[in-house]
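Protein chains: 2
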Amino acid sequence: MKTLLKNARILTMKNDRIFFGHVVVEDNRIVEVGPAVNIYADYDKVIECEGNLLMPGFKNAHTHSAMTFLRSKADDSNLQDWLFKEIFPREANLRPGCVRELTKVAILEYLTSGTTAAFDMYFYPEEFEETANKFGFRLVNLLMYDKTARPVKKCLELYKANKNEDGLVKYVIGMHSEYTPTEEMFETTKQLLDKTKSPFYTHLSEISKEVEDCIFKRGMTPMEFFDSMHFFDRGGAIFHGVYLSDDDIEIIKKRDVVVVSNPSSNMKLASGVAEIKKLLANKVTVALGTDGPASNNALDMFREMYLVTGLQKLILKDPVSIPAYEVLKMATVNGAKAMGLKDCDTLEPGKLADIIMIDLRRPSMQPLNNIINNVVYAGSKDVIKMTMINGKVLYYNNEFFIGEDINQIYKKVQQLTDELSVIKK
Amino acid sequence: MKTLLKNARILTMKNDRIFFGHVVVEDNRIVEVGPAVNIYADYDKVIECEGNLLMPGFKNAHTHSAMTFLRSKADDSNLQDWLFKEIFPREANLRPGCVRELTKVAILEYLTSGTTAAFDMYFYPEEFEETANKFGFRLVNLLMYDKTARPVKKCLELYKANKNEDGLVKYVIGMHSEYTPTEEMFETTKQLLDKTKSPFYTHLSEISKEVEDCIFKRGMTPMEFFDSMHFFDRGGAIFHGVYLSDDDIEIIKKRDVVVVSNPSSNMKLASGVAEIKKLLANKVTVALGTDGPASNNALDMFREMYLVTGLQKLILKDPVSIPAYEVLKMATVNGAKAMGLKDCDTLEPGKLADIIMIDLRRPSMQPLNNIINNVVYAGSKDVIKMTMINGKVLYYNNEFFIGEDINQIYKKVQQLTDELSVIKK
Chain R
4 MKTLLKNARI LTMKNDRIFF GHVVVEDNRI VEVGPAVNIY ADYDKVIECE GNLLMPGFKN
64 AHTHSAMTFL RSKADDSNLQ DWLFKEIFPR EANLRPGCVR ELTKVAILEY LTSGTTAAFD
124 MYFYPEEFEE TANKFGFRLV NLLMYDKTAR PVKKCLELYK ANKNEDGLVK YVIGMHSEYT
184 PTEEMFETTK QLLDKTKSPF YTHLSEISKE VEDCIFKRGM TPMEFFDSMH FFDRGGAIFH
244 GVYLSDDDIE IIKKRDVVVV SNPSSNMKLA SGVAEIKKLL ANKVTVALGT DGPASNNALD
304 MFREMYLVTG LQKLILKDPV SIPAYEVLKM ATVNGAKAMG LKDCDTLEPG KLADIIMIDL
364 RRPSMQPLNN IINNVVYAGS KDVIKMTMIN GKVLYYNNEF FIGEDINQIY KKVQQLTDEL
424 SVIKK
Chain V
4 MKTLLKNARI LTMKNDRIFF GHVVVEDNRI VEVGPAVNIY ADYDKVIECE GNLLMPGFKN
64 AHTHSAMTFL RSKADDSNLQ DWLFKEIFPR EANLRPGCVR ELTKVAILEY LTSGTTAAFD
124 MYFYPEEFEE TANKFGFRLV NLLMYDKTAR PVKKCLELYK ANKNEDGLVK YVIGMHSEYT
184 PTEEMFETTK QLLDKTKSPF YTHLSEISKE VEDCIFKRGM TPMEFFDSMH FFDRGGAIFH
244 GVYLSDDDIE IIKKRDVVVV SNPSSNMKLA SGVAEIKKLL ANKVTVALGT DGPASNNALD
304 MFREMYLVTG LQKLILKDPV SIPAYEVLKM ATVNGAKAMG LKDCDTLEPG KLADIIMIDL
364 RRPSMQPLNN IINNVVYAGS KDVIKMTMIN GKVLYYNNEF FIGEDINQIY KKVQQLTDEL
424 SVIKK
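If you're matching them up, the sequences are chains R and V in order. For reference, each letter of the first sequence is one residue, going 4 to 428 in our numbering. For reference, each letter of the second sequence is one residue, going 4 to 428 in our numbering.
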């Protein structure tokens, strides 16, 4: 299967230059990029891009996709009430089969926002694996050891999915955070890390109380705690990282850990603003995530891009930070690094064909003064004309090509949502 | 011409309840709303809403639409450089005929984001009037006296447009700010206000330096200054209002002045965050605006809605403020009040038919836990299925019905933009 995407503006994300040309995709990989492609050769499919922009898809480097059932369920309430009265009791209702359905709505939204891969962290990861494979969506699933739900054997079994290099779904090892697990969970997770050679991933320093409690309890920050146990010896990423000390940043640099920032979620839950400019000045790799739809409430990388730079400008009283291309790197190349997707970062021959087309004829993209700035500062879901993952067009001109009727998906998810919403006394 | 919009969810914005029903529009006004409408009567046009949401269109209560030519032209630079090196020299290139074209791209974007009326402030207001009338867009134009460009006679002439009550365009009187006009401009504007009985509108207390300079120069805040001269005796609105004192707020209450907040622009230019929660606690009416595309860069009321509540949560460390329905009121009813559009605020018989349809089958709107919260917290341009202004559908299913080819508009605007971008030495 050979597809030609012709007459496009192309932003490879190897650098910030945009040029006119074509892209050839063979099966799930890019085989040619540039102005010199033979557009008269024999192709199974030709997509006329009409001068619109092709670029690598966005990587949502931290999310809890199945939480779609909690979207708009508990907004405008304080954090404790939100978590303990609204979120946890409803999550306790989750049963086998739910996550498989709930993640479908999330994938649809990812496709509408040009997100070609998500780094997910939730219950029943194997169900999301199933849905992602069925729809053709690229997924990195965080595998969290749990004595009952996911014992060591089960973890290693799921981890095997990684053996298939071109597979859409892979697993990495992590933990929820420093403050929820038992001692046994830390020990077993460390053993799993050593056995699998996986990098490590966790929520870390999201709110100030988390850091203060950890210092009180352990005499160390969460970052220092995990590093003292050699969890980050093979790198990985931390989610949020709003409250990081200078020593934390030193560890992050030494271990080449990526900081995945979630500006919308941190804003909406009133957690704070991560010190992105300082991290960049320290040459730390920063990626972006939406967090789950319970706290954001959209799964929209355009929102994260706008906010990650907007909030730095506001907080630092410095409209210069952070430039748009730097932001676009966070949403693409750096996200790929955080997720260990080394073949999904740029548009180059040999890379996986995770490509989006930005419709430059949407009014917000006009005039073409500076296309990169238009995308970062004026972009929104309506400019996504095409989302291609692994060489397959899954979304084009507002239509989905995922092999299922979206109205049936919505019906089923609404049913489940209504059932799960009943809080048991 | 009688149009039936049938089988919709309806949010009138008279209150926060959503019900199933139909809307009948005759010419440019709503004549029936509710479940009891006779859907079998004779209609010239029937729009099947398939359970999607009908609500009043968004009112963009502060913008500079023609600045589309400066979109993405000078991002990530400091305020002084931005204004004096990038914006002003290019604005100096504007000549008759430019604003007529440049505002077209803005109207297109307003339509994609469900904005049915804009409150504009810019050079050549009569050219925007022409374009708005041509496309069918509702516009309130701020008329600013200028000895050369708009002498008193010209102002009064333009003001006459208001005589036609059902007209799409009306004028009100205002000034740029406290810090730019000459003494003569203050005096003449006051005479114009008294002559026309217009409420008054101005940029006010956008940055802290503006307030400090005014206190230093006049011994008063900008709000106190204008009030001391009785500019606000017939109400009106202030744009931005980021730095308001308690005394300012007392004046605002006494004069029933609306505060039009522009959270994105204030964030991106690092100006600060308006104290919205405090204003609401003081029963001040707050509306929302995008400001111009040079500073935002999108003309997107979804962005403003998300930010006006998100930034309060963040700055006040209080995830409870401000509830979604309150935000939706700012973007609709309160905007209408700010703009003096008393017939455009709610969906009721007798009101003007400025109606939008939200596509509840877009993934971000699912599941239907809380539709109002979905719109405010997860909405983006892609959920706008229809934008109707003055009884006419101007945008439907991503297509524009404005009587002009959008590619021709883009071509012309690009040409102008390229010409205007050349800064003369």
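For the record, the hints were derived by calculation from the structure and aren't laboratory data. Possibly wrong hints are sitting among the right ones.
Identical chains blur together in the list; that is why a pair holds if it fits in one copy or across any two.
As the list claims (entries may be wrong) - For lysine to aspartate or glutamate, the following EDC-like pairs were computed, each having C-alpha atoms within a straight-line distance of at most 16 angstroms:
1. 427 <-> 250
2. 286 <-> 190
3. 193 <-> 51
4. 320 <-> 84
5. 280 <-> 321
6. 414 <-> 53
7. 163 <-> 329
8. 212 <-> 321
9. 414 <-> 94
10. 157 <-> 104
11. 200 <-> 215
12. 395 <-> 249
13. 48 <-> 253
For each hint given before, does the structure comply? Return the numbers of the non-compliant ones in rising order.
The structure conflicts with hints 1, 2, 3, 7, 9, 10, 11, 12 and 13, although it agrees with all the remaining ones.
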